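Q: Here are the chains, one letter per residue:
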Amino acid sequence: MRSLQELHFEIERLNSEYAHALDNERFEAFPELFVEDCLYRVVPRENHLLGLPIAVIHCESKGMIKDRVTAARESTMAEPRTLRHFITNIRVLDAGNDDVIRAEANVLVVQTLINRMTEIVLSGFYLDRIVRSDGRLLFRERLCIYDSLLLPTSLIAPV
Amino acid sequence: MDAISLLQSRTWPAEGAARVPFWVYSDQDVYDREQERIFSGPNWSYVALEAEIPQPYDFIRANIGDKPVVVTRDGNGSVNVFANHCAHRGVVFCRHARGNAKRFICPYHQWTYDSTGMLVAIPFRRGYKGKGGMDPEFKLQEHGAEALKVAVRNGVIFASFDFAVPPLEDFLGPKMLGYFDRLFDGRELEILGYMRQRIPCNWKFMFENIKDPYHASVLHVFLITFGLFRLDQRSAVEMDETGRHAALISRKGEQMINEATLEMANFREDLKLNDPRLIEPAREFPGDATVVMQTIFPNVIVQQQTNTLAMRQMVTRGPHAFDLNWTFFGFKDDTPELRQRRIRQANLMGPAGLVSVDDSEVLALSQEGAQVFPDTDAVLEMGGRSIADTDHMVTEAGVRAFYKHYLEVMGFDRAS
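Sequences listed follow chains A and B, in order. Numbering follows the working numbering, with no gaps: position 12 of the first sequence is 12. Whatever position you read off the second sequence (first residue = 1), add 159 for the working numbering.
I should point out that these hints are in silico values taken from the structure, not numbers from a laboratory. Just so it is clear, the structure is predicted and the values come from calculations on it, not from any experiment. Glycine is no exception: its CB is placed at the ideal position from the N, C-alpha and C atoms. Among the hints, a few may not be true.
Okay, the calculated beta carbon distance ranges per label pair [as the list claims (entries may be wrong)]: (1) A/S16 with B/L497: 32 to 42 Å; (2) A/V35 with B/F322: 16 to 26 Å; (3) B/N433 with A/S133: 12 to 22 Å; (4) B/R262 with A/L50: 16 to 26 Å; (5) B/E428 with A/L50: 50 to 60 Å; (6) A/L50 with B/G234: 17 to 27 Å.
Okay, the calculated bits of chain B under chain A, using three or more residues with CB under 8 Å as the criterion [claimed, not checked]: (7) 349-357; (8) 369-381; (9) 428-439; (10) 499-507; (11) 515-524.
The whole structure should be built from the sequences, with the hints applied where relevant.
A: Below is the structure:
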């Protein structure tokens with residue numbers, strides 16, 4: 001039986017890998033943080049509160065996550081930018097007895113484009129369902145619920 | 160140079176709608192005249208869907224141009240639209256995005272409006288102990304929030320500040336009404352959710368983008384590669400009599416090499432989806448069109464791209480920016496499978512849309528170029544200078560038709 005502190009640390013490490021993959025455009029590594037049968041959604045807080053199903057990014061499988069990152073890298077016409085994720089205030093909601101762990105965390109994403117000051121893309125929180133697979137934690141479900149309803153121009157990659 | 164003399168110094172190129180001077184995208188006084196003549200003029204602006212205010216006393220906020228309005232359903236079930244602007248000191252008195260309320264109380268001096276926008280109460284109207292208060296002649300009914308004219312058709316709510324606006328059906332004209340009714344056929348709608356983004360460009364660039372099918376076949380890898388909207392497919396551009404509204408119509412094709420796709424640098428034969436459910440379409444409307452994108456002047460794009468349906472409302476934020484507010488919907492009688500397709504296919508749209516991102520990014524670049532070269536002109540000659548309907552996509556006729564109308568409304572001097 002792991003202690004809550006150990007679990008907290010493992011989730012922290014999972015989030016760090018997540019942020020590192022996205023911030024460094026290691027897009028091949030990103031889908032590997034999810035199990036095959038997974039759900040990844042980026043949802044405006046408005047829809048979340050109203051119980052409406054539309055998400056700005058909606059992936060129902062690891063395959064859809066792969067398609068999403070391929071699109072971000074290869075098929076989208078977008079201004080080059082650097083993104084940085086700040087994931088903080090991790091809370092373990094349900095330690096899950098090593099079955100499905102439920103956790104949340106705050107997130108802030110900023111971007112830097114050429115000729116522009118660094119700006120906030122979104123602030124919000126993650127709601128996660130995490131499982132243990134081959135000794136490491138992976139996301140079964142990650143919802144990114146963002147407060148900032150109005151996004152600046154566009155969201156190119158997963159957040 | 161002051162604003163009035165700047166506007167007077169502007170002359171539209173002699174070529175007419177085949178040229179668009181870039182100052183229309185950046186001059187503050189052009190913007191101001193648009194607010195007056197277009198958004199507050201005799202036009203129907205989209206404000207909301209009835210499904211957003213199903214119950215008595217439901218309300219939702221919206222904008223027409225840059226002016227905030229409140230859309231309500233009153234106790235009798237009628238739809239009302241009034242300016243979100245207190246008759247007393249101008250406060251934007253309705254502060255919630257949506258809700259249910261019998262009364263709207265201005266936070267400043269608590270002037271109180273009912274769900275039709277009528278002023279119904281003023282604190283200390285009769286003064287205190289015989290002192291002060293409003294003049295006995297002051298009539299509450301003369302000081303309501305400014306009411307707008309309202310039109311509702313098959314669940315879609317439009318409003319106008321100008322009561323001289325023609326009936327909605329005449330405003331759309333028979334052809335555009337046909338495409339409108341094809342989608343809004345009277346079935347009850349279900350709201351699926353919202354997306355919002357602020358794009359740093361003039362609102363007209365967005366409106367033109369959906370009147371220009373030519374760009375879709377060169378810019379959008381996703382549409383081209385998966386045959387969702389491509390110029391080798393049977394397609395059409397149609398306008399109303401005035402040219403202000405338009406519809407782009409197309410039928411789905413295949414991911415195949417042909418004469419057309421060979422010319423598309425962005426066609427990717429090698430691109431395969433790991434999970435093709437993302438774009439699997441299901442036929443649901445009469446006829447063989449799989450895409451109908453309708454621009455209804457002046458502020459909404461009605462999107463039917465396979466099974467993803469949305470109203471894209473434009474809210475102007477000065478000459479250099481606008482908000483694009485997406486309201487996704489389906490029908491109450493959708494099967495769970497169809498509903499799920501709509502949710503999946505929404506991946507193509509919005510601020511993170513696999514297709515729409517290309518547009519918002521390129522529109523921001525358009526503005527960046529336009530605003531620093533106001534004295535040069537855009538060249539719109541794809542498909543010649545015609546403004547007639549076409550049975551193909553290799554044309555900018557829809558954009559020219561829009562500018563023909565825009566020129567008439569705005570009354571710019573034209574070079575001879």
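Q: Would you pick out the hints that fail for this structure and give their numbers low to high?
A: 2, 5
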